[in-house]
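K.L.:
All chains, full assembly: derive it from the sequences and hints.
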Amino acid sequence: MSQNESTTQNSSVENLLTGISVIELGDEISAAYCTKMMAYLGAEVLKIEKPSIGDSARSVGPFPDDVADIEKSALFLYLNTGKKSITLNLESSSGRKIFESLVEQADLVVENLPPGKMESLGIDYKRLSSINPSIVVTSVSDFGQTGPYKNYKATPLQHYAFGGLMYITGLPEREPLQMKPRLPEYGVAQNAFVASLTALWYKDSTGIGQHVDISTAEYSASILENGLSMYSYTGNKLGRSGNKGYGRAAWGIYPCKDGFVGVIAGPEHRWSAMAELMEEPKLAEEKYTERSGRQIYAEEIEALMEPWLMSHNKQEIFEKAQELGLAFAFVATPEDILNWEHLDNRGYLPEISHPEAGSYKYAGAAFQAVGIEAEWQRAPILGEHNDEVLSPIIENLNMRVEDLKLEETI
Amino acid sequence: MTLALEDIRVVDLSRIWAGPYGTKLLADMGAEIVKIEALDRLDPHRGAVRPQAGTGNYPDGEPGDDPWNRNGWFNSLHQNKYGITLDLSHPQGKDVFRELIAMSDVVIENFRRGVLDKLGFTYEELKKIRPDIVVVSMPAFGNTGVWKDYIQYGIGQEQLAGVDSMGGYSVAEGPIKSGINHGDPITGSHAAGAILAALMYRRRTGKSVLIDLSQLDSSISLMGEHLLDFQMRGQNPTTTGNQHDSFAPQGVFPCLGEDEWVAISVTSDSEWLNLTKAIGFSDLGEDIKYADSSLRKQNESELLSLIGEWTKTRDKFDITSTLQSSGIPCAPVMTNEDIYDDPHYQSRSLMEISDHPSTDIQLLPGVGWKMSKTTSEIRWHAPMLGQHNEFIFGELVGLSSDFIANLIDEGVSGTEPVGA
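Residue numbers (my numbering), protein chains in the order written: chain D, 25 to 434; chain U, 34 to 453.
No lab work stands behind these hints, which were simulated from the structure alone. Accuracy of the hints is not assured; some may be wrong.
Stated by the list, open to error - Listing some non-contacts, in silico: residues in chain U with all C-beta distances to chain D over 10 angstroms:
| hint | residue |
| --- | --- |
| 1 | Gln125 |
| 2 | Val169 |
| 3 | Arg266 |
| 4 | Leu328 |
| 5 | Gly427 |
Stated by the list, open to error - What the simulated footprint calls covered on chain D by chain U, stretch by stretch (three residues with Cβ under 8 angstroms from a Cβ of chain U suffice, anywhere in the stretch; the number is not a length):
| hint | stretch |
| --- | --- |
| 6 | 142-152 |
| 7 | 190-198 |
| 8 | 328-340 |
Unchecked claim - Taking CB as the label site, the calculated pair distances span:
| hint | chain 1 | residue 1 | chain 2 | residue 2 | range |
| --- | --- | --- | --- | --- | --- |
| 9 | U | Ser315 | D | Gly259 | 40 to 50 angstroms |
| 10 | D | Gly43 | U | Lys310 | 47 to 57 angstroms |
| 11 | U | Thr408 | D | Glu300 | 48 to 58 angstroms |
| 12 | U | Asp73 | D | Glu314 | 19 to 29 angstroms |
| 13 | U | Met34 | D | Ile155 | 44 to 54 angstroms |
| 14 | U | Ser334 | D | His293 | 47 to 57 angstroms |
| 15 | U | Gly97 | D | Pro291 | 19 to 29 angstroms |
| 16 | U | Thr408 | D | Ile155 | 49 to 59 angstroms |
| 17 | D | Val425 | U | Lys310 | 42 to 52 angstroms |
The beta-carbon is built from N, C-alpha and C at its ideal position, and this holds for glycine as well.
P.N.:
Right, dumping it as structure tokens:
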């Protein structure tokens, strides 16, 4: 059997989270990225999806050639590598019984249903902890499980707006701007990973489980650089500064011959390298060296940089600057990233094949435990593991598969 | 007080934002974080030793006599941590560091690649001192690959990860970076997660773990669907400004007041009908020109102007409350001031009181989430430079007071920065 025929972790290597059993009730990103990391690190992740439609990430896309198909959505395929999928209707009493049987055996439940939904289904933390006192339940939501806005609805646009990231993105004279990548949702999923492992660590030490309440809004508001401390210290408001970091020249995004490059001049003792890189001796002048000078003479500096930038390509500028010790970057596209030798060297872009969606290069592990080689497994087909996971439970509960299918429980 | 991670000790050599953000998450959960700085190389977030007055980083813009203890950027990232100073290039500093490693579980560093090796503390050496140590090394581009010696800050990671290629008002106007350096918190959170996962492995196996955390890899991991998108559709995803790829209308609209905005999304036909009712344009809801998402998308710019006419005479919070009660995704575009004053964030204790000897009482970002059975709160303020030298060297490591006095005489440790 090749490694991609099954989503099960069949590697014999003991990984960081081998032996941890996780149930995910996740829709789109904010729970799924958390459990994706766990699956890669060897945990068994059971994803519970709605019968016939599944996780809404399956319907979001993008899709190959723009043809919608629940087994071919890029968002779903990426976020669910290495997980098992079972379908279960939690609105039905037999569905809930099956869910509770799964919880008895699990270490962790990660869910991002709307706040209050777990309770109305009769499977909130209180109920689940009466079945399994050491269970950890991590609830990820847009605004939190408590507070006046807990039931507000949000899309990625509202995440950027309410958390404070939008107001400081864009040009001062224009409207504030979202970013297309859904970073607040990924970010809260990352912190949900940290919070969940914290609770699991404590559970392993004491046998005591608990409930984690974590929100996209608070994640976003807590990463506004020094924005919140600044307001407390001085009452100053953060503003928008377009592409200029900290309002000074040579720290931001500039056009070049084939795209855009990140000129990041760095500390004063490295400034002389700028003149060398850009073959412009005037840049070495004393008055430009200090950071305050880079603010005062921003326009002069930018005029001196422009001819060289506009006659060189982005990756070439990046590499030449780095060779001189300057921390330049460039505005890379997904196409650029997929072709980098550096990532290839690191084995960061594994090719993963899926029986319906096909074979693609995937973004790899956020961090590597050196010497512990994990295998990447594809995302599951909807309900692919129903038989394997549910049959023994259904038998145990004296239920009949035919009945459950008839009443659309699975 | 019950602390979930109180049995974990981390030696923290990380600086600036990424590493300190990661260890803040662990410190808030009770891990004992021992942050090491050198007197001639403070964490850059402490600011210049003699800065100019007037920046927002200092209380009322006043750097004061000890600006390194008064920088809000540093002070909001280091609550609940211990702070010591130690010169790792000095033989005595190395000895103390060894003793500290021997009694710790984790070492985390975000130096340029190779710096810790040159100080004599390779992973192999650290393992000799503490055989089951967990080490997190987080250079910008990782420890392998052709770019491994390149350097980077969070601002560049976001560009290289592809984030900025999809930012901006329109494709024609070019990319716009986000308002923060996302690469830092992304990498910091991944580092905190890596530490806990490695400690769980160590608990089961007794084995040491080395984590190679490339800040670039870490950032690209949040772009997974976009990398697949290019392969599936053969073109790079690009910005759509504040609009959505498929549903409409969606936008950011001007409100009453200067530079005040509200973000509104209509994701379904029923939300569209609700919106038209809520803003008193019911006839639009019946117009077949706007009957479904693709028609509304075609006519989106006229809808955006109509909605903008309605919002511009209204308060962003009132609009939000009106539209949310009609089930429409809507949020005020919050400034740092708005967040500070907001009843929802206040009810969640986003900000907590931090009483600090050199800045007095300030409200700083607290713990990022709630735990039902273990403590999550600010327990003590960010350390003043070298504040915990005596506690860590004396009570924890067990050095004599003469030895500690000698460290200070030799300039290996202390509480005053050296040099400008």
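K.L.:
In this structure, is the beta-carbon distance linking Gly97(U) and Pro291(D) contained in 19 to 29 angstroms?
P.N.:
holds (24 angstroms)
K.L.:
Is 47 to 57 angstroms respected by the C-beta to C-beta distance linking Ser334(U) and His293(D)?
P.N.:
holds (50 angstroms)
K.L.:
Confirm or reject the statement that Gly427(U) sits farther than 10 angstroms, beta carbon to beta carbon, from all of chain D.
P.N.:
Non-interface label on Gly427(U) holds, nearest chain D Cβ at 28 angstroms vs cutoff 10 angstroms.
K.L.:
Mind verifying the non-interface call on Val169(U)? Its CB should be farther than 10 angstroms from each CB in chain D.
P.N.:
Incorrect as stated: the minimum Cβ-Cβ distance to chain D is 8 angstroms, not above 10 angstroms.
K.L.:
Is 47 to 57 angstroms respected by the C-beta to C-beta distance linking Gly43(D) and Lys310(U)?
P.N.:
holds (54 angstroms)
K.L.:
Is the distance from the Cβ of Val425(D) to the Cβ of Lys310(U) consistent with 42 to 52 angstroms?
P.N.:
Distance hint for Val425(D), Lys310(U) holds at roughly 46 angstroms.
K.L.:
Cβ-Cβ distance between Ser315(U) and Gly259(D): within 40 to 50 angstroms?
P.N.:
This hint holds: roughly 43 angstroms between Cβ atoms.
K.L.:
A cut-off of 10 angstroms on Cβ-Cβ distance, and Arg266(U) was said to be off the interface with chain D. Does that hold?
P.N.:
violated (6 angstroms)
K.L.:
Can you tell me whether the CB distance of Thr408(U) to Glu300(D) sits inside 48 to 58 angstroms?
P.N.:
Holds, since Thr408(U) and Glu300(D) (Cβ atoms, about 53 angstroms apart) stay within the stated range.
K.L.:
Are 3 or more residues of the stretch 328-340 of chain D near chain U, judged by a Cβ distance of less than 8 angstroms?
P.N.:
violated (count 0)
K.L.:
Minimum Cβ separation between Leu328(U) and chain D greater than 10 angstroms?
P.N.:
Its Cβ never comes within 10 angstroms of chain D, the nearest being 19 angstroms, so this holds.
K.L.:
Taking 8 angstroms as the Cβ threshold, is the statement that the stretch 142-152 of chain D is covered by chain U upheld or broken by the three-residue rule?
P.N.:
Three-residue rule not met by the stretch 142-152 of chain D, so violated; n is 1.
Hints 2, 3, 6, 8, 13, 16 from the list above are not met by this structure, while the remaining hints are.
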